Structures are given as C-alpha cells and as structure tokens.
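Protein chains in written order, with the working numbering: chain E, 1 to 206; chain Y, 1001 to 1290.
Careful: at least some of the hints might be erroneous.
If you anchor each label on the Cβ, the simulated ranges turn out as follows [what the hints assert, rightly or not]: (1) Y/S1154 to E/E49: 37 to 45 Å; (2) E/P100 to Y/S1154: 23 to 31 Å; (3) E/L159 to Y/H1126: 46 to 54 Å; (4) E/I44 to Y/N1148: 49 to 57 Å.
Source of the hints: derived by calculation from the structure; they are not laboratory data.
Note that the structure is a prediction, hence the values are computed from the model and not measured.
Cβ coordinates follow ideal geometry from the N, Cα and C atoms, glycine included.
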Amino acid sequence: MKQITTPITDDVIRDLKVGDAVALSGMLVTGRDAVHKWMIETFIKKTREPQGDDLQVYEELKKLLNGSVIYHCGPVVSGLDTKEYKFVAAGPTTSIREEPYQADVMKHFNLKGVIGKGGMGAKTLKGCEETPAVYFHAIGGAASYIAQTVTKVHGVFKLDFGVPEAIWVIEVKEFPVVVTMDSHGGSQHAVIEASSKKILEDLLAR
Amino acid sequence: MRDLTNEILELIRRTSSSLPPDVEKRLRESFEKEQPGSSARGAFETILKNIEISRANSTPICQDTGTPIFYVHYPVGLSTIKLKGQIRSALAEATKRSYMRPNAVDAIYDKNTGNNLGGDDFPYVHFEEVEGDDLTIELMLKGGGCENVGRQYSLPDNSIGAGRDLAGVRKVVLDAVQKAQGQGCAPGILGVSIGGDRGSSYIKSKEVLFSEMGTRNTDPKIAELEERLTSEANEMGIGPMGFGGATTILDTKIVGLSRLPASYFVSVSYMCWAYRRRKMTVKGEEVIYD
C-alpha cells in the first residue's frame, strides 16, 4: 500500500495507476451535492451573486484545496452543541452526482483528487488527465472504520447546508482508498461497465 | 398503553450499528470467494472490519442512515397515533445520540430539519392491525445511494426485448443490475415486485426485503427465478463496489402482486450490503429484540 500525504505533488499523482491501494494522510475537505453546485454557480460560472460569508469561505477554500482532495462525504458528527466536533461515521457518498461539476472544480482549485464511491464519468476522467488528479475510491458503507482514520476536525464551513452537506475540514491518518481512475485515462469503472454490458447482452440473448 | 420510546430507541441503535447475523454470514462467505490480493477482497476486508467496529462502538455502519422504514404490527385496540409519536420521539433522540444522521431535507426549501423528522412521510411508518396480543416493530434503514439505483420497468420493454412474462422479468432485473454497477454499494440484495400500480409496486419491492437472507418464495417457479437471477447477476462480474469480482448480488427476493389488465410493472429495489433491518416484539411487559 502506498503512503501519500496531502498536499500532493503532480509527480506523485502521475505515478498513480488504476488498482493502486493508497493510505491517505493529511488535511482534506468534505464536499458533496450542495457544495459543488454552490462552487460552480458562485465562483466558477458566476451565475449567482456571492452572499453572506461566501467570499470569505472561498478564500479559505482556495488555500485548503490547493494540492489537496475533496471527499464526497456526508458524515455523522457528534459535539454539535459544544462545537467539539468528532466524526462518528464517515463513509463516501455516490460520486456520479457531481459529474456535471467535478472537472471544473478540480481545475479551478487545483485539486489533486477526489475521494468517493461508485466512480465518475468521461468528463471527470478528462479532468483527471488535464489537472492532473485521480479518483480515490473508498469503501462505501465502511463508515465507522473510516471515521476512526479522522484524527481531527479542524472546523466547518456552511453548516447551514445541513450536517451532511456542510464543508468539514478534517485531518486523516491512513485513510484506505483504491485508485480507480488515474491521470492517464485509465478507469476501472469504464472497464467494468463495458465488460458487464457485454455479458448482459449474452444473458439477454439466452 | 405503556410508553415504548426507550425501547424503540434501542431498536434504532441496534439497526444502525449491528448488522443482522444472516447478512454478515453471507458477506463472510462472499469474501472467501474473491481472489487474494484483489481490490474486491480488500473491499470485503474493510466491510467486515467495519461491521465489527460499528457493533463494538454503537456507531452507524454507514453514515447514510437512510430512510427509516418502520413496519408496525399491532394488536386490536392499540393507539397508532401514540405509537407514531413514540417512534418520532425515539428517532429524534437517536439522532441526538449520533446513532442516526439528520436525514430529512425539505425538498422545496432545501433545508435539513436537523432532527430526522420531516412531514408525515418521514420517517415512513406502516401500520397493520393483527390478531393476538403481541406488538412487533420492524425497522429497515435504506440509504440514498442504493435507493437511487432502484428501477421500475413497464413491460413490454422493447429496448431489451422484455415481454409480459417471467422471461421478461428476468431481462429487466438483469438490466437493472448492470445499470446499477457498483453505485448502490454492491454487493446488493434485490427486492423485486411484479405487478401492482407504480406506487404499490415500489412499496412491495421494499417490503419483501424484510425477510431473511435466503428466504425463498413459496411458489417453486418464482423461487427458481430468484436463484437464477442471483447467479446470473453474479456472472456479470461487477463485484463489490464495482471493482470487478465474483459477488455482485447476495440474494434476490421476488413478490407477485395483482395488476391491471393494461399494466405490467416490474420494480427493482436495490439494497446495499449494509442491509440494516431489525425487529422488536412486545409480549406483555417483555420486550424481545431479534
């Protein structure tokens, strides 16, 4: 298993290939549906005026995300009353919903990867080649286990999006993931999609 | 009528943090079938480790604690209004204790209610009056990832040559599995209903998931189709998480309904490997958990 710590360099990313098991450490940021839509509309396509603390959060995110990764995750968090936050359960959510946004978000913030589950499509794969970045696949449903790799919750932005949709800034130690989309056009998801399609056609013809 | 809020809270804790033994057993068997060193085997390793950690610490198996689906079988004379109130109080308390994630989002205003209580539809509670003195409450937690890959077909479906018969049902179910890939957190369990209207068909495709792993339909013809679908789905090689591998589907359960002459619906509910369902039975003063 490869040990990688954020911030990650382009050389490290280019070395990663589909199938590599990685133990990821360092600072990263959660973000899922509401966050991607907000980023695209407010800062990338600018179809929506910044409101409230939007610009301040954006400045923080630019620093945090440069060379780091976004984790598609809507955690269960304790300590909401006292603000002594702790991740209780924190597995990945399905990434494909971010397909319309992900490549643009990657390039805009110089992300070196995203962590999620289920894989992503052609647009994100192209984004991975150009940025460069990779798709790290975490094990869906392994929430208690992954939460134990979160050693510290540094803070939270946009808590008004709701606990699952907020931007949590966390530090992880040896978070287990597998590279399923690399920066050379390789995608395990495209391979399995095609091979299973072929077998389905045979089964339907029986 | 006694207040069961604390007992229901315990049911929620168990359901969210402790996977039923029949599911865990099937996952362990599937783990053995994957190649040493493969990503699929690694996925099962992590899944099995997570099951143990969740149970030991009373933390959610999956952070997506899903739609809470309660099925209540109650004796004549028990107040369903009171029971529903106790279920809702227990759910709010379970959320406070981090057994559950706040999961009720107002769809019009995009606002998370913060306590897992939406309108009358969230949590989902189904009441059924039964003979006898026992009260049983079953709970299933079904996450959004697997819910999103569920499908409903109206037969005939010419795009895959599926006619209005069991051969057609077989084709659409296999199609649903291929389209789901790993996105419903494979390996999954299929709940399939044949017939009904669009609404009843989907509801029954979930209800059938309350039965234990390996429970076969009493009609031998349907039981055979269940076995065949599990086996053929696994031939597609999608594997755990869609990594590729021997196990894509752990079990298939089919239920047949009445249909209109004009309609022939097939609904497929995909349940993720974190197949969380638990039951409590109240016999007089005693409360028994499965």
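These are the hints, each one checked on the structure:
Distance hint check for Y/S1154 and E/E49: the Cβ-Cβ separation is about 44 Å, which falls inside the suggested range of 37 to 45 Å. A hinted range of 23 to 31 Å holds for the C-beta pair E/P100 and Y/S1154, which are about 28 Å apart. About 34 Å separates the C-beta atoms of E/L159 and Y/H1126, a value inconsistent with the hinted range of 46 to 54 Å. Look at E/I44 against Y/N1148: about 25 Å separates their beta carbons, and that is not inside 49 to 57 Å.
In summary, the structure is inconsistent with hints 3 and 4 from the numbered list given earlier, while agreeing with the others.
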